[in-house]
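Colleague: Place chain W on chain H using the hints.
Those protein sequence lines, which keep their order, are chains H and W. Numbering follows UniProt numbering, with no gaps: position 409 of the first sequence is 409. Numbering follows UniProt numbering, with no gaps: position 461 of the second sequence is 461.
Please keep in mind that the hints were generated in silico from the structure rather than gathered at the bench. Watch out, some of these pointers could steer you wrong.
To be verified - Facing chain H, according to a computed beta carbon distance under 10 Å, are these residues of chain W, among others:
1) V31
2) R32
3) Y40
4) P67
5) F69
6) A86
7) A113
8) L115
9) I326
10) R330
11) E430
Unchecked claim - So the derived list for chain W, only partly shown, Cβ under 8 Å to chain H, looks like this:
12) H94
13) D102
14) K106
15) L107
16) D193
17) E197
18) N372
Computed from a predicted structure; not experimentally measured. Note that the Cβ used here is the ideal one computed from N, Cα and C, for glycine as well.
Number of protein chains: 2
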Amino acid sequence: MSKNLTKREVDYSKWYNELVVKADLAENSAVRGCMVIKPYGYAIWEKMQAELDRMFKETGHENAYFPLFVPKSLFEAEEKNAEGFAKECAVVTHYRLQNDPDKPGKLRVDPTAKLEEELVVRPTSEAIIWNTFKGWIQSYRDLPLLINQWANVVRWEMRTRLFLRTAEFLWQEGHTAHATKKEAITEAELILDVYGEFAEKFMAMPVIKGLKTESERFAGAVETYCIEGLMQDGKALQAGTSHFLGQNFAEAFDVKYTSKEGKQEYVWATSWGVSTRLIGGLIMTHSDDLGLVLPPRLAPIQVVIVPIYKGDEQLAEISSKVDVFIKEFRKLGISVKFDDRDTFRPGAKFAEYELKGVPVRIAIGKRDMENNTVEIARRDTLEKQSVSQDDVVSVVSKLLVEIQDNLFNKAISFRETHTTEVDTFEEFKEAIKTKGGFVSAHWDGTTETEDKIKELTKATIRCIPLKNKIESGTCVFTGKNSSQRVLFAKAY
Amino acid sequence: MSKNLTKREVDYSKWYNELVVKADLAENSAVRGCMVIKPYGYAIWEKMQAELDRMFKETGHENAYFPLFVPKSLFEAEEKNAEGFAKECAVVTHYRLQNDPDKPGKLRVDPTAKLEEELVVRPTSEAIIWNTFKGWIQSYRDLPLLINQWANVVRWEMRTRLFLRTAEFLWQEGHTAHATKKEAITEAELILDVYGEFAEKFMAMPVIKGLKTESERFAGAVETYCIEGLMQDGKALQAGTSHFLGQNFAEAFDVKYTSKEGKQEYVWATSWGVSTRLIGGLIMTHSDDLGLVLPPRLAPIQVVIVPIYKGDEQLAEISSKVDVFIKEFRKLGISVKFDDRDTFRPGAKFAEYELKGVPVRIAIGKRDMENNTVEIARRDTLEKQSVSQDDVVSVVSKLLVEIQDNLFNKAISFRETHTTEVDTFEEFKEAIKTKGGFVSAHWDGTTETEDKIKELTKATIRCIPLKNKIESGTCVFTGKNSSQRVLFAKAY
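Isolated chain H, as found in the complex (with noise of 0.2 Å):
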């Protein structure tokens, strides 16, 4: 594989794909459309994992864990999500392997350890969790029950690229139980609030909070929440989701309490996710023709030192003063990495860092050591400047806060050029064409509609925005009356 990266502009997918590797965050495994997730990928997702998870403690869930299987008989309970599922999931049948007989050294499945109820691995896990409700939830008291679970989960898709979509996934799974409808619209929409925040203030990734159709909702809800990012090749990425699920799982696995009036009724319902997809987006939100970008709230390395010495008595020298630099960065919370290796210049340093998308590169040399400065190059812009050694931390520390703040006006400013308010079924089209972005136009409402403009442009509903404005106006495909926008893209 070559050093450099294709060219977004030749080719975005190939561009990502190369990225994804050469930047160690992951790699295709040997079990179909299963990734692993290298030490550098899986630093992002722990300190992606670290703030949803404070966010969902701070907002009252608790965590908890369920079998990562579900008999077919519970799997089938909820009739829509069963059928939604079904498609796509791994099915253990047999509990057991055994030498082969015919194959020396290699085993069989044992056919007498064949289980009486096969088992599915997770696509979600509403049904087993549901099924596990019914016996926490009795009265009003128990109300609302607010659990989030940490798993894998398998989906069986076939067509898979890393992060984005893969068999395996990682991801949270967020289960809530409430008296009211009232009360679980409100969670779903709590949780699309920090969702939302999530995305915006760590990822640095702007979305947009809307409902999606019926033909994309989640299989069993009864509206599905979603936060819709938009990447640089002008598609669209639904990045999270967040379910009201009515009373469809109370129903199908008989979850009832006891109102405070001593009646029976069944609870109202949400689950929500986000998963190692959203590692994808925050690549392709940001990164470049020279590798990763990341916002520093979420970059495992925030700043890289790096010395330029001849022998060790110039190494040890600056290394001195690094490690008063060091302990300033880490009193701040700053994490810092001194790549002193000898196994590297300066130069193949310098450009692995940028690969690896570290906001902020230190380098100190002979000169910097008499002059008491430093370089400092940030990896947003790749501005270099030369600071006195006094400053390096608090240069430092506001340069971290203005890249995150760049990173988001970059992309605020790229969703803007690339959102189109169209009226005509030609400017639509237009638009999809040659800019892609998100394409803004009156609906009929009906999925005959979608479908049909989908098979024309391959643009989907991404999401119906909440902070619409009602305006009258016209179906762009059909002409008939509608009362808002919504917003179309091709989607990843």
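Modeller: For chain W alone, kept in the frame of chain H given last:
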């Protein structure tokens, strides 16, 4: 289920099962042998994870994530490992369900969606990880490779018990590759020290570090190091293992590196793990007939404050005082809960927190407010004291340290009084039968003798302690010469 626990004396096993469920730690699920870890139990696991993860990172390890599934052909590559796990593994054979034509509303496996190669749900990840390491290791510069994974694994055990032995469990598994045999052994021993330190300093559970005999070794290992704890019923618990794998996996997966001298060499390996089983050990080391007793360093709630009041006015007065304590506790990193629910009486709350093992309880009522005091009760000894409100925070801070130490010391002295040196097989049988615990005895070093002793007494060799003194003696069973004592016990 009655409110009171079965007493330990009456039926230790029943006491354990009841406690796990009543203290809201875990419960059995709809999937045979798989547990649901409830929020309170999961919170303990999170505290364990946080400390262990920190210790792994401080010793240079990085986290990564590998696929849940192991293709059969990889699974069988390391023969002994495959043999060890083949008998109890969950096997995925199909990737789709379809509507059952014979049973409306039901699903069945789609016979046309059979996998070309079966997938084993990982019982441990050596195979998939070593297949990956092959691509990561080319030169001595790539070594050592120090990787850890937090994951779920599945072993289709026939007899399961919550936390102690479940079909699915959560664990961490470290997998490392080294240039030399010596480095790999040093790594395996380093991790054993990490496990020992974690067990003793955080769990307050004393452990013996040792080596497993051949018959108890991990399938595929050259040596298995272990930490062994002693439970209150005199049975031992293997709490963690660290394996020196030699070059077995490197050979099976053809993982070689170019040495500094330019030679191609197989790498040397270790793997190591601890699991949610630790929670079982934690429970059985400290808890009593009233419920859990948690060491402060792993308690999700370290201090609970219960107000004793009549009417809103008294509660408001108490609350404003308690708010001051809470702020001070949090500043010190002490987790505190104020339970002002009006749906339960103080007595019921006291019983609940006793059952849940909260280390320190503070009660504060009308008279306390008049006298500027609170009542402090410690869970381990059940002692109570009245303390000035001015001293609450400092008294409790010290008490938490004292409780942690007391639990460890109590467990150490229990182990001392339950470790018996014996020189004859009569003494051996007597000790195992009447007192239980560790029995230290000479053994002739053969698996045959080990098996016979197991058959006659149900005791197995838990380990050959690392800090053993060399002393000549004769095997308690065969009378053959022996140079050191080993530790026998009945075990979980």
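Colleague: Regarding the hint that L115 of chain W lies at the interface with chain H, is the smallest CB-CB distance below 10 Å?
Modeller: Since the shortest Cβ distance to chain H is 9 Å, the answer is holds.
Colleague: Given K106 of chain W was flagged as interface, is its beta-carbon under 8 Å from a beta-carbon of chain H?
Modeller: holds (6 Å)
Colleague: Return the status of the interface hint for I326 of chain W: holds when the least beta-carbon distance to chain H is below 10 Å, violated otherwise.
Modeller: violated (16 Å)
Colleague: Taking 10 Å as the limit, does the beta-carbon of F69 of chain W come near enough to a beta-carbon in chain H?
Modeller: For F69 of chain W, the interface hint holds, since the closest Cβ of chain H sits about 5 Å away, which is under 10 Å.
Colleague: Given R32 of chain W as an interface hint, is the shortest Cβ-Cβ distance to chain H below 10 Å?
Modeller: Holds. Min distance 9 Å.
Colleague: Checking hints one by one. Is V31 of chain W an interface residue toward chain H, by the C-beta closer than 10 Å rule?
Modeller: holds (5 Å)
Colleague: Please verify that hint: A86 of chain W, Cβ, nearest Cβ of chain H, below 10 Å or not.
Modeller: Where the cut-off is 10 Å and the nearest Cβ of chain H is about 4 Å from A86 of chain W, the hint holds.
Colleague: For the hint on H94 of chain W, does the least C-beta distance to chain H fall short of 8 Å?
Modeller: Given a least distance of 4 Å, the restraint on H94 of chain W holds.
Colleague: Take the shortest C-beta to C-beta distance between N372 of chain W and chain H; is it under 8 Å?
Modeller: violated (33 Å)
Colleague: Are E197 of chain W and chain H close enough, Cβ to Cβ, to be under 8 Å, as the hint says?
Modeller: violated (23 Å)
Colleague: With a cut-off of 8 Å on the beta carbons, see whether L107 of chain W makes it to chain H.
Modeller: Holds. Min distance 5 Å.
Colleague: Let me know if the C-beta of Y40 of chain W comes in closer than 10 Å to any C-beta of chain H, holds or violated.
Modeller: Since the shortest Cβ distance to chain H is 8 Å, the answer is holds.
Violated hints for the displayed structure, listed by number in ascending order: 9, 10, 11, 13, 16, 17, 18.
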